[in-house]
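Chain by chain, the residues:
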Amino acid sequence: GQQLNQSPQSMFIQEGEDVSMNCTSSSIFNTWLWYKQDPGEGPVLLIALYKAGELTSNGRLTAQFGITRKDSFLNISASIPSDVGIYFCAGPLIGSGANSKLTFGKGITLSVRP
Amino acid sequence: NAGVMQNPRHLVRRRGQEARLRCSPMKGHSHVYWYRQLPEEGLKFMVYLQKENIIDESGMPKERFSAEFPKEGPSILRIQQVVRGDSAAYFCASSPGGGQPYFGPGTRLLVL
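Keeping their order, the protein sequence lines are chains G and X.
When we follow this note's numbering, the leftmost residue of the first sequence carries the number 132, and every step to the right adds one.
When we follow this note's numbering, the leftmost residue of the second sequence carries the number 583, and every step to the right adds one.
Honestly, the hints are just simulated from the structure, not real lab data.
Some hints here could point you the wrong way.
Between beta-carbon pairs, the in silico distance windows are [unchecked claim]:
id: 1; chain 1: G; residue 1: 206; chain 2: X; residue 2: 622; range: 20 to 30 Å
id: 2; chain 1: X; residue 1: 658; chain 2: G; residue 2: 144; range: 22 to 32 Å
id: 3; chain 1: X; residue 1: 634; chain 2: G; residue 2: 148; range: 27 to 37 Å
id: 4; chain 1: G; residue 1: 213; chain 2: X; residue 2: 609; range: 38 to 48 Å
Derived BS3-like pairs: lysine-lysine, alpha-carbon spacing no greater than 27 Å straight-line [stated by the list, open to error]:
id: 5; chain 1: G; residue 1: 182; chain 2: G; residue 2: 237
id: 6; chain 1: G; residue 1: 237; chain 2: X; residue 2: 633
id: 7; chain 1: G; residue 1: 237; chain 2: G; residue 2: 201
id: 8; chain 1: X; residue 1: 633; chain 2: X; residue 2: 653
id: 9; chain 1: X; residue 1: 653; chain 2: X; residue 2: 609
id: 10; chain 1: G; residue 1: 182; chain 2: G; residue 2: 201
id: 11; chain 1: X; residue 1: 609; chain 2: X; residue 2: 626
id: 12; chain 1: X; residue 1: 626; chain 2: X; residue 2: 653
id: 13; chain 1: X; residue 1: 626; chain 2: G; residue 2: 182
id: 14; chain 1: X; residue 1: 644; chain 2: G; residue 2: 237
id: 15; chain 1: X; residue 1: 609; chain 2: G; residue 2: 201
id: 16; chain 1: X; residue 1: 644; chain 2: X; residue 2: 626
Here are a few chain G residues that sit away from chain X, every Cβ distance over 12 Å (derived from the structure) [claimed, not checked]:
id: 17; residue: 144
id: 18; residue: 185
id: 19; residue: 217
id: 20; residue: 233
Please read all numbers here as calculations on a predicted model, not as lab measurements.
Ideal Cβ positions, reconstructed from N, Cα and C, are used throughout, including at glycine.
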């Protein structure tokens, strides 16, 4: 089946540092989404990518859609304590006919030391 | 403009009881999705509904689980005769059409 792979499971960084997270798949995705989930809450969409090679920024966040359409990365620059959370990549199931039926990676838990 | 609302936020049930989870989509959204998240896992698609129609239930377990989105009122995810393995966070999402979904805060179900 279609899977999105995220590793490592956890990352620990110092406040102010930059961090990069990857998401890979053996399948081609036409859309890549990056979500953040805070404890006890639902996922919140951070960045959406629609074209191979696309590079998109949202404040301190930058994400790119790989040209093979099998991978994506998310960069967070100058991290702050509120960046703590779980970061998921997601994409619509191929052939689903809808952008809202998503398959998710297992997520990366980010910890930021003050 | 209120976001997706789910209630209850936390639900405790004993084995064999029924669990009913409610979801009110964002205003103007007619598409509802349910996802399940097990501990330390990503979200898994369960079912996709539009008003009075189940569009895709390919992610729903074959037994004990059902979902509806009536003409009036919230969408309901119903789990009959719950077992410990049903303990998870259940998220509802909505969209105005086939676009990116907006997620609710989830219902944490604990089966004792």
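Comparing the hints with the structure gives:
For residue 206 of chain G paired with residue 622 of chain X, a C-beta distance near 24 Å keeps the hint of 20 to 30 Å intact. At about 42 Å, the CB distance of residue 658 of chain X to residue 144 of chain G disagrees with the hint of 22 to 32 Å. Taken as a hint, the range 27 to 37 Å is violated for the pair residue 634 of chain X and residue 148 of chain G, whose Cβ atoms sit roughly 51 Å apart. Range check, residue 213 of chain G to residue 609 of chain X: about 28 Å between beta-carbon atoms, so the 38 to 48 Å window is missed.
With a C-alpha separation of about 23 Å, the suggested pairing of residue 182 of chain G with residue 237 of chain G holds against the 27 Å cut-off. Of the pairs offered as hints, the one joining residue 237 of chain G and residue 633 of chain X is violated, with about 31 Å between alpha carbons and a cut-off of 27 Å exceeded. Annotation: proposed proximity of residue 237 of chain G to residue 201 of chain G holds, straight-line Cα distance about 16 Å (limit 27 Å). Among the hinted pairs, residue 633 of chain X with residue 653 of chain X is consistent with the structure: their alpha-carbon atoms are about 6 Å apart, no more than 27 Å.
Between residue 653 of chain X and residue 609 of chain X the alpha-carbon distance is near 14 Å, which keeps this suggested pair within the 27 Å criterion. Proposed proximity of residue 182 of chain G and residue 201 of chain G is supported: the alpha carbons are some 12 Å apart, at most 27 Å. Restraint check: the Cα-Cα separation between residue 609 of chain X and residue 626 of chain X comes to about 24 Å, which is no more than 27 Å; the hinted pair holds. Between residue 626 of chain X and residue 653 of chain X, the direct Cα distance comes to roughly 26 Å. Compliance with the 27 Å bound is thereby established for this hinted pair.
Distance restraint check for residue 626 of chain X and residue 182 of chain G: the Cα-Cα separation of roughly 24 Å lies within the 27 Å cut-off, and the hinted pair is therefore satisfied. Distance restraint check for residue 644 of chain X and residue 237 of chain G: the Cα-Cα separation of roughly 24 Å lies within the 27 Å cut-off, and the hinted pair is therefore satisfied. Restraint check for residue 609 of chain X and residue 201 of chain G: the C-alpha separation of about 34 Å exceeds 27 Å, so the hint is violated. For the hint pairing residue 644 of chain X with residue 626 of chain X, the CA-to-CA distance comes to about 15 Å; that is within 27 Å, so the pair holds.
No Cβ of chain X comes within 12 Å of the Cβ of residue 144 of chain G; the nearest lies about 20 Å off, and the non-interface call holds. Even its closest Cβ contact with chain X, about 15 Å, leaves residue 185 of chain G beyond 12 Å, as expected for a residue assigned away from the interface. The beta carbon of residue 217 of chain G is not kept farther than 12 Å from every beta carbon of chain X, the shortest such distance being approximately 9 Å. The Cβ of residue 233 of chain G does not lie farther than 12 Å from every Cβ of chain X; its closest approach is about 6 Å, which violates its non-interface assignment.
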